[in-house]
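Residue numbers (this note's numbering), protein chains in the order written: chain X, 1 to 318; chain F, 1 to 318.
Any given hint could turn out to be false.
Copies of the same chain look alike in the list, so a pair counts if it fits in one copy or across any two.
To be verified - Computed list of lysine-lysine pairs in BS3-like fashion (alpha-carbon distance at most 25 Å, straight line): (1) LYS236 with LYS126; (2) LYS236 with LYS266; (3) LYS218 with LYS126; (4) LYS293 with LYS76; (5) LYS126 with LYS266; (6) LYS291 with LYS76; (7) LYS126 with LYS76.
Everything labelled a hint here was simulated from the structure, so no lab data went into it.
Protein chains: 2
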Amino acid sequence: MKYYIGVDIGGTNIAAGVVDETYTILASDSIPTKAPRSAEEICDDIVALCKNICQKAEVPYDGICGIGAACPGLIKDGVVTFASNLGFENVPFKSILESKSGKRCEVCNDANAAALAEYAAGAGKKYHSLVAVTIGTGVGGGIVLNGRIWEGFNGAGAEIGHLVTVPGGRLCSCGNRGCLEAYCSATALINDTKEAMINNPNSKLWEVSGGIDHVTGKHAFDAADQGDVIAQNVIKRFIKYLSIGVANIITLLQPEVVCIGGGMSKEGDTLIVPLDKLVADNGVIKSLASKPKIKAARLFNDAGIVGAAADIMLDDLG
Amino acid sequence: MKYYIGVDIGGTNIAAGVVDETYTILASDSIPTKAPRSAEEICDDIVALCKNICQKAEVPYDGICGIGAACPGLIKDGVVTFASNLGFENVPFKSILESKSGKRCEVCNDANAAALAEYAAGAGKKYHSLVAVTIGTGVGGGIVLNGRIWEGFNGAGAEIGHLVTVPGGRLCSCGNRGCLEAYCSATALINDTKEAMINNPNSKLWEVSGGIDHVTGKHAFDAADQGDVIAQNVIKRFIKYLSIGVANIITLLQPEVVCIGGGMSKEGDTLIVPLDKLVADNGVIKSLASKPKIKAARLFNDAGIVGAAADIMLDDLG
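Please model the complete structure; the sequences and the hints are all you need to start from.
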């Protein structure tokens, strides 16, 4: 059995895990990122963390075949060209980590790592291509084609949240109008839920959420589930816009799997079944003999570690 | 020098050319398709055509390294799963052509072949990834990533004309509303031009086109060029919608080059410069240090032959 390490570098914490060839995490731990500081200092801490988790996993550090790291930001060919919450600009992270760790290393974007994790060990297991749509504060994603991340020539690909879905529509944080993210992020769903509550004082949403200041992305699903028509309409609209984004991804790429991730994917069939139905109703997709499968993500907090490990592992296995 | 043959199979004619490693067509000829008839009969005629053009090119047929064929329809792994104007359904075209020709063969979709031609020998030469957007009666396209066509897991990828661009918008032939094709095909431009003429009896469009029954996709560009504000508005709207489609392709894939093909690409800078400006104004794209290049296609009638030849040639060169 071969062993790898996946490192998930966030703005607040760095988590790492020893991962075997079956994508099982044998041991993991985390340390504070303490950003902003130099990549050299961060890599020193990562190497110490790696040695520590090797001990926990009872795998000798010498036996580790490679280290994959995932971090937010723009990354191309091992260089973090820009990562605002790490304060990195054009940092050759891969080569710094390689020299500090003495291992072959890879570095990729965290959203791409999550997509690769789903491809290798989650919703896309046994398939050859997958596009992940991750719904959180914003909407992100990753593209895996023939087992490789497609990150775009400049590392900026798969910005799924900024697909213009409603020209001239809602203002997005990027400055555009009508981005998918402005309709289908958890943030947008929360705003829509609040608006529906204000307009409908009798909606169950009030009771389910415990008041306007406590609304989360889950409450509209919960109230809809309890038969609240107002909440059902909020969800219906949310899924309608999501279906346009997913249908456009399919029309362009026809991946074998589209995987919906982020906290909302825990809604499972409540989200996936109506989404699948709307996408299947698309003029072009309707006519396909063989359609992409739409699935909920399976890996959650582990996606960064598993995906980062998969990145170096798949590279290793050719 | 190695020699290959590219075959462009259309509903009416089959064109073939002997192509060298520099993508130069040494000799070409065409025969009628006589569809619908069996793939065996068509392949017999293709082999005779190939031997004929070899004589014209003074290249021995024995010296041909492989034959690539492009045809309309859905194609996956050498099988034409569906091609309405050839009357093919699940025809193992690659293996039939291989057994008839005694050569290694490939078969790909004609829009993908055109994209590969631009990648190998046209607007994408020297770049590593390209998405072609081909504007004709409809809007089609092809995706080339790291020198390979990405046709989707089911062969149905790159249906760029059916990206939903205006939800609830114009009805498209596919049954959807708001497809890019409904706004940015030559057909749509002609309809928009006619409508503008009817609403504006004093527009120069009347003089330039010679009347409503003679309108082509070129007339709005010509009248706009002569300062006709009505025509300028038609073109402005056309390019605005096209820019949404192109920006969405870039947001998702970040190819090194987006190539605009079809008859309209002959407008060159008149089309490309304002398109580029609108795309560059997109919130996400604006912030990129390194942006995809938007270029007009360079290969026209030869794209099918060159692309089909490139398909087998790139496969041969690994």
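Hints versus structure:
no. : hint               : in the structure
1   : LYS236 with LYS126 : neither (31 Å within a copy, 46 Å between copies)
2   : LYS236 with LYS266 : within (17 Å within a copy, 44 Å between copies)
3   : LYS218 with LYS126 : neither (31 Å within a copy, 49 Å between copies)
4   : LYS293 with LYS76  : between (29 Å within a copy, 18 Å between copies)
5   : LYS126 with LYS266 : within (22 Å within a copy, 45 Å between copies)
6   : LYS291 with LYS76  : between (32 Å within a copy, 14 Å between copies)
7   : LYS126 with LYS76  : between (27 Å within a copy, 19 Å between copies)
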